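In the order they appear, the protein sequences are chains F and V. Numbering that gives the first Met the number 0 applies: residue 0 is where the first sequence begins, and numbers increase by one. Numbering that gives the first Met the number 0 applies: residue 0 is where the second sequence begins, and numbers increase by one.
It is worth saying that the hints were derived from the structure and are not from the lab. On a predicted model such as this, the values are computed, not experimentally measured, just so you know. Certain hints may be false.
[To be verified] Covered stretches of chain V (chain F as the covering partner; in silico rule of three or more C-beta atoms under 8 Å from a C-beta of chain F):
| hint | region |
| --- | --- |
| 1 | 61-70 |
| 2 | 164-175 |
[What the hints assert, rightly or not] If you want a taste of the chain V side facing chain F, the calculated C-beta under 8 Å gives, among others:
| hint | residue |
| --- | --- |
| 3 | 124 |
| 4 | 181 |
| 5 | 212 |
| 6 | 318 |
Beta carbons: idealized from backbone N, C-alpha and C, even for Gly.
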Amino acid sequence: MATAVGTLSHTEDRSRIWEWMTTVDHKKIAALYGVTGFIFFLIGGIEATLVRTQLAVPNGNVIDADLFNQLFTTHALTMIFLAIMPMGASFFNYLIPLQIGARDVAFPRLNALGYWTYLTGAVMLTSSFFLGGAPNGGWFAYAPLTSLEYAAGKNLDFYTVSLLILGVSSLMGSLNFAVTIINMRAPGMTMMRLPVYMWMTLVVSFLLILSLPIITVALVQLYFDRNFGTNFFTPDTGGDPILWQHIFWLFGHPEVYVLILPSMGIVSEVLPVMSRKPLFGYSAIVFAGAAIGVLGFAVWSHHMFTTGLGTVPQIVFSASTMAIGIPTGIKIFNWLGTMYGGNIRFTTATYFSVAFIFLFTIGGISGVMHASPAVDGQHQDSYFVVAHIHYVLFGGAIMGIFSGIFYWFPKMTGRFLDETSGKWTFWLLFVGMNLTFFPMHFLGLAGMPRRIYTYDEGLGWETWNLVATVGVYVIIVGVSIFIVNFFRTMRQPQTAGDNPWDAATLEWATSSPPPEHNFDVVPEVHDRDPLWYNRDHGIAPAAKPEHLHIHLPPPSYMPLVVAMGVALLGIGGLSHVAVAVLGVAVVVYGIWGWALEPTE
Amino acid sequence: MGRSGAGRIIAIVVSLVITAATVGLLYIAFVDSANTPQTTFQAMSENGQKAQDVYTLIFILAGIVFAGVMALTLIFSLVYREREGGKALQLHGNSKLEVLWTFIPVLIVVVMAVPTFQVIAETTGAAPEESLTVQAVGHQWWFEFDYPELGVVTAGDLHLPVDRPVRVILQSKDVIHSFWVPQLSGKVDMVPGHDNQLWFTPNTPGEYLGQCAEFCGISHANMRFRVFVHTQADFDAWVQGQLAEAATPTEGLAAEGAQQFTLSGCIGCHTVKGNALAMGVVGPNLTHFASRTRLAGGMAENNEAELRRWLSNPPAMKPGSIMPNLNLSPEAIDKLVAYLQTLQ
Chain F
0 MATAVGTLSH TEDRSRIWEW MTTVDHKKIA ALYGVTGFIF FLIGGIEATL
50 VRTQLAVPNG NVIDADLFNQ LFTTHALTMI FLAIMPMGAS FFNYLIPLQI
100 GARDVAFPRL NALGYWTYLT GAVMLTSSFF LGGAPNGGWF AYAPLTSLEY
150 AAGKNLDFYT VSLLILGVSS LMGSLNFAVT IINMRAPGMT MMRLPVYMWM
200 TLVVSFLLIL SLPIITVALV QLYFDRNFGT NFFTPDTGGD PILWQHIFWL
250 FGHPEVYVLI LPSMGIVSEV LPVMSRKPLF GYSAIVFAGA AIGVLGFAVW
300 SHHMFTTGLG TVPQIVFSAS TMAIGIPTGI KIFNWLGTMY GGNIRFTTAT
350 YFSVAFIFLF TIGGISGVMH ASPAVDGQHQ DSYFVVAHIH YVLFGGAIMG
400 IFSGIFYWFP KMTGRFLDET SGKWTFWLLF VGMNLTFFPM HFLGLAGMPR
450 RIYTYDEGLG WETWNLVATV GVYVIIVGVS IFIVNFFRTM RQPQTAGDNP
500 WDAATLEWAT SSPPPEHNFD VVPEVHDRDP LWYNRDHGIA PAAKPEHLHI
550 HLPPPSYMPL VVAMGVALLG IGGLSHVAVA VLGVAVVVYG IWGWALEPTE
Chain V
0 MGRSGAGRII AIVVSLVITA ATVGLLYIAF VDSANTPQTT FQAMSENGQK
50 AQDVYTLIFI LAGIVFAGVM ALTLIFSLVY REREGGKALQ LHGNSKLEVL
100 WTFIPVLIVV VMAVPTFQVI AETTGAAPEE SLTVQAVGHQ WWFEFDYPEL
150 GVVTAGDLHL PVDRPVRVIL QSKDVIHSFW VPQLSGKVDM VPGHDNQLWF
200 TPNTPGEYLG QCAEFCGISH ANMRFRVFVH TQADFDAWVQ GQLAEAATPT
250 EGLAAEGAQQ FTLSGCIGCH TVKGNALAMG VVGPNLTHFA SRTRLAGGMA
300 ENNEAELRRW LSNPPAMKPG SIMPNLNLSP EAIDKLVAYL QTLQ
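Please construct the entire structure, taking both the sequences and the accompanying hints into account.
Below, the structure written as structure tokens:
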């Protein structure tokens, strides 16, 4: 830090900021994704806290109906698109090159562009609160409630435009990740030697590549309906509101697996290392993950069992949905098999991973329950489903992400997060999330619909709503302790060492934190657990060469320019076409400059 | 290889006790939640009972899987917790086990699927010939109920005879709503431009709570209704009452109210059969307003105090209400209340 020399600090700080703005290093981009995603996780949490506070008691008066609708809508959008997916992208970015033994991702500048467009879309979506009102039609934005007739104002335009931008960002990221994993593996790392986390990343990337174009089409259609008078989804003029539901869920269901598969991958890395034994049933876990990905495209109509699908479609989509329970069950058994016979270190990362198995199972069970349309007739749009998705996304995705943070933090920073404080965080999150979300099963059973800003007393909903709200505040304490832990840890010396957990995968073969070029010598892979193989066969790491001649891509500000153009395009889509034209000009300039940029 | 001897037995017993206690407590809470006014787990119709039988079976299976995974997670966590000098078993997998635990979820799914498909086939087809037909129309934010065969139009309260199948034709005038009376049937959406159908046979007279289940805008929470299941004789009497036209009062405050009803423009949106001027169809038909139990889309009891609150400023009571604040004077409200209360 340049604090010692007062006159220099200003320029040095500025050049540091510039360094971050122009970086194409996957590790720095990962840090940007991670920190930004976590900030939006907090924002989504604030939105949820307001929603739950309003519902703490019957006839609550904390916020009004319209703000409530904006908050539950943006809570979902924020958590899905601005928090969980980017935190996933952060891990992907950081770990793909390190786990497969590469120096960076295949397209480093595209990677930077992915982050900057994500930031653009995220800021745009959140700014809507201060620019006339946030989206208020639910994250699923069912037609015709989203048509101009029932939703005047810009709320829904913020929805379409920011989601389009976020989609572009994810699409660039996933293409980059898939290309990198397929083409840039270290010598000897065959596909069936890929770490499970890399497999899950690959499946997620393909899910996004295949599903994002679908939602893009739907969003463009909705934008056109609202702004140019087309009639895709408005029934009065021959459009079909059910069409929107089909297109939305054809994207929306694979999206669920985009959120959960990365955490399944994290658990599959943490459990074997902490149990000190190889992952049980590697191939079964890999194929089950791929099967979930494929089946994920064949179940979308189970979100629509109550729309009057008819008898046969109900049976078909019920069968395909129940079928997903099979590969999911296989995964759960294999994680338990990994613990079996182990000598398990119960670090904070282990706690989160073991809790993941249990909590995700609860979400999985309720998911299979409403795969039956007979049950779903009661569950659909009730609090039972709210409980279900939060067991999958909080009990699953978020617990997995916390496990990953505690597990890889020493690699990323060279420092251990404090374990005592970490266990406090774990227990508060575990207790808090169960207090918040388990009672929602009871509320659903008692007939409480979702998305209601108020309810009468006397329906038997009072106790569990209050308990759920108390749970949120327990979660807040847990997350706060984690934030303090993070800042305190960042002030500690870097003492972690290369491989503190005695882990098996390649990222632990280099220093902590890794140098910009990742590996002095690209390692050779002989086994699915390369570092354990080397340890057991007495293979020493390759000696550091005397001269390192490693070509790394230079920093570039062109991704930032293109992202600014995209931002202008978005602002134009919300205001005046002239701004959009300017945006196109900036994008073209950015891509032009990008193409002509020297690579040395 | 983990704990052995007494340590292992204690760990297993502790895990099983914790699991059993958790399942027991959850069971008590589930039963408690099933005994609430808007319960989804006390079917009072034949089709509802069929669905609930499947629901019960699936609940039991879910409970078994929950208990199994919870117990195993606890046992493995305690038995295989790190010990001084402990060694981990170096296993890569076991093909026989993989086959076994592929078969377990397959079996569970099949046990769920067969009765599910049976019930779906039996309950989602066409309604029986002898059904009573009701058209349920969703509006932002109230339910309209028409009986085309009987010539009755009402709102907010749905009256049905016991033991006769009812075919509910579901429609919407604006956005998507969902018709849900948990004790009588699973929900089915009311989609503009699509006529959906639903049928069930209520088997117990009584009052059942219903609520819109599809997010439909700012006052979604306030869109509720009630279903009254009567004996055939009571239902026939109710129909007779509804078929009568409303007599326009000729004296007193109520007569002034009838005039006020025209003066304030109420006739533009509301129909009162027997009042030739009141032909509007935007709001609910008010011919038998005073015979209904709820007002304002089912959010409030139909009594004088609530009616005054509603008339004095509808959007303040039900956010987004299509009925605007008419800025009625207290005297005008007195008159309107007197008139509306004659509409038995």
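Taking the hints in turn, this is what the structure says about them:
no.	hint	verdict
1	61-70	holds (count 5)
2	164-175	holds (count 4)
3	124	holds, 6 Å
4	181	holds, 5 Å
5	212	holds, 4 Å
6	318	holds, 4 Å
The structure is consistent with each of the numbered hints, conforming to all of them.
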